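Asker: Read off the chains here:
There are 2 protein chains.
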Amino acid sequence: MTSALLDALRKGNRLALSRILSQVENGTEAGMAALEELFLETGNAHKIGITGPPGSGKSTLVNALARELRRREPNKKVAIIAVDPSSPFTGGALLGDRVRMLDLQDDTQIFIRSMASRGALGGLAEQTEALSQVFDAAGYDFVLIETVGAGQSEVDVVNLAHTTIVVDTPGTGDDIQSIKAGILEIADILVVNKADRPGVDQSVTHLKNMIEMGYARSINNGKHHLQDFRETSEHETASAHWVPPILKTVACEFKGIQELTEVILNHAAYLRESGQWHAKDQASIRANIRRQLIASLLKDFNQNVPADLVNSLVEEVQKRAISPNEAVRVLLTYNRNNSLESSE
Amino acid sequence: MTSALLDALRKGNRLALSRILSQVENGTEAGMAALEELFLETGNAHKIGITGPPGSGKSTLVNALARELRRREPNKKVAIIAVDPSSPFTGGALLGDRVRMLDLQDDTQIFIRSMASRGALGGLAEQTEALSQVFDAAGYDFVLIETVGAGQSEVDVVNLAHTTIVVDTPGTGDDIQSIKAGILEIADILVVNKADRPGVDQSVTHLKNMIEMGYARSINNGKHHLQDFRETSEHETASAHWVPPILKTVACEFKGIQELTEVILNHAAYLRESGQWHAKDQASIRANIRRQLIASLLKDFNQNVPADLVNSLVEEVQKRAISPNEAVRVLLTYNRNNSLESSE
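Respectively, the protein sequence lines represent chains Y and B. Its first residue numbered -4, the first sequence is counted upward by one per residue in the working numbering. Its first residue numbered -4, the second sequence is counted upward by one per residue in the working numbering.
Rather than coming from a laboratory, the hints here were simulated on the basis of the structure. Some hints could be false.
A pair holds if it fits inside one copy or across any two, identical chains being indistinguishable in the list.
Unchecked claim - BS3-like mimics (lysine-lysine), calculated; alpha carbons at most 30 Å apart, straight line:
id : residue 1 : residue 2
1  : 203       : 314
2  : 250       : 314
3  : 294       : 314
4  : 314       : 6
5  : 294       : 71
6  : 203       : 6
7  : 71        : 314
8  : 203       : 243
9  : 6         : 250
Fair warning: this is a prediction, and the values are worked out from it, not measured in the lab.
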């Protein structure tokens, strides 16, 4: 990675941006070096996660939001990261959807990036965070992250957003109540899209009830990933008074999009004023450091302790000759003694 | 924890079992010591995970399975771990369901244990594994683990099972296709319960199509948790030829239960013959060791490195004065130097 490429990215060159995104996504050495340098230029972008089941019209909503954000803030840039395999951005949708995406392509201040989700479950959140950082450093003011709300990995993805929007549609049965409960916990804003369909009022009432029952209780504290790691509490605020509003939209007709955009911008203001913007940023930095720390400690361990020892201990455990705890004690002692030797 | 209590457990005392389960579930020192000792007596139990959306009749199915397993194998014991908040075992269901559970309580060779799932997301799989080990050591031959199929944590829970059964019902819409896709990946056996309802054949066809489309491809390799940890491949087999069968049941009328039980026992035989039983056991041991190793390395780190240093570095990163990578390098150097000093 030449610094010329990074400079080109800083000047708004889309090809340079695209190349660096690929390097980062592929985890090349050059990509990681670029990411480390670019990190120092991050901290401005408003990251907005949009999640919901397939068929809820997330992509159309993301499209509409991008357009409205650009209309309201003509000097600001919008990035879209699609981590949803059914998204038209990533190639899983109908021709109609694809055509709808095209009008975004004409706006040079909008950049769309899709990510493969299949097969990369474990590291999806980290990867999305890395791409967000590149966009942030490249001067993108809004980063829209679209993901299907289907599991923990998606929850992890949207957890890195400042604002999480959960999209539902009218008439979704009670069958998936507990799934929605899990997703509701991370919602800052709820959207009932396709609100021209029958059953919209029941859906709104249903969501309202779930919120009142406390399903959205634990939102916004920014501490999800850090339960066993050190943290200061100075930026935690007692004023966690944001109650997720429920909005109705018909994204394909651009209905309700202005109101939704208004609420998104209000949420950003709320986060900044309440100190939660700062707290969220800190939480993601702590999670990042923790992740790198564990990777490094395990790497050191793997250098200090021969694989044969690990394997023979696993075998002993599998024979029930020793407990896993005993195996860990042996490994830790070996690791400690060997790192002493190598440092002397 | 007295060894008298452990001896009582070994002799089949249900009160002793119950007490030890509580100690283990609460993570007390005595519980952890008991678990370490009991581990050496594990390795026999067939762990069977049952997952599916709320309303699919999982609990009734688990109930019926327990009864049928006892009928077929009168000398064997059955444990049930319910980690589903909507399960009648854990207290989330209607009176009718509760009454249906009562007939299991009369069989002293069946033991039911419910676990609170809410709020313990991160460690649910570990906790379930620990309880399974206690049951295993206490001589329970079958451990049925019931969980709602709603997210990654549930996937983790059933991943520890030898046999994973995914339960569906007729007429579930296409809306949650990708959710089912995620769950299908872990299925060894598919059950369409409530098969007396309309739409059962479409459901079977739909599931069959999804399997043929490869959604269940990555099953049974037992390597989910171990991507970046050492492992031998000697027990991996090339004979991963189990294609998940699809069965129809009406659990509340005991229809299809004998066939399902037959398939479950066949699957156990298949696992043993193909070497996958051994591979799964090894994978869970490696995951266990890895988990303990990371916890210990982080504990050492926290002893070596003062919290003030961590916090001041986080602050520098948050100011974008240094990168997270740089902070990690400083922390690792400090950790290394300090552990040298304390060992001298």
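Asker: Does each hint hold? Answer for all of them.
Answerer: Against the structure, the hints come out as follows:
In this assembly of identical chains, residue 203 and residue 314 lie within 30 Å of each other by CA distance neither inside one copy nor across copies; the values are 54 Å within and 39 Å between. Taking the closest pair of Cα atoms, residue 250 and residue 314 never come within 30 Å of each other, the shortest separation being 64 Å inside a single copy and 40 Å across copies. For the homomeric pair residue 294 and residue 314, the shortest alpha-carbon distances inside one copy (27 Å) and between copies (29 Å) are both at most 30 Å. Taking CA atoms no more than 30 Å apart as the test, residue 314 paired with residue 6 passes between copies only; the shortest distance there is 23 Å, against 61 Å inside one copy.
Within a single copy, residue 294 and residue 71 get their C-alpha atoms no closer than 42 Å, and across copies no closer than 45 Å, so neither meets the 30 Å cut-off. For the homomeric pair residue 203 and residue 6, neither the shortest alpha-carbon distance inside one copy (46 Å) nor that between copies (52 Å) is at most 30 Å. Taking the shortest Cα distances, residue 71 and residue 314 sit within 30 Å of each other only across copies (23 Å), while inside one copy they are farther apart (62 Å). Taking CA atoms no more than 30 Å apart as the test, residue 203 paired with residue 243 passes inside one copy only; the shortest distance there is 13 Å, against 37 Å between copies.
When the C-alpha separation of residue 6 and residue 250 is checked against a cutoff of 30 Å, the pair qualifies neither within a copy, at 35 Å, nor between copies, at 68 Å.
Of the numbered hints stated above, those contradicted by the structure are hints 1, 2, 5, 6, 9, listed in ascending order.
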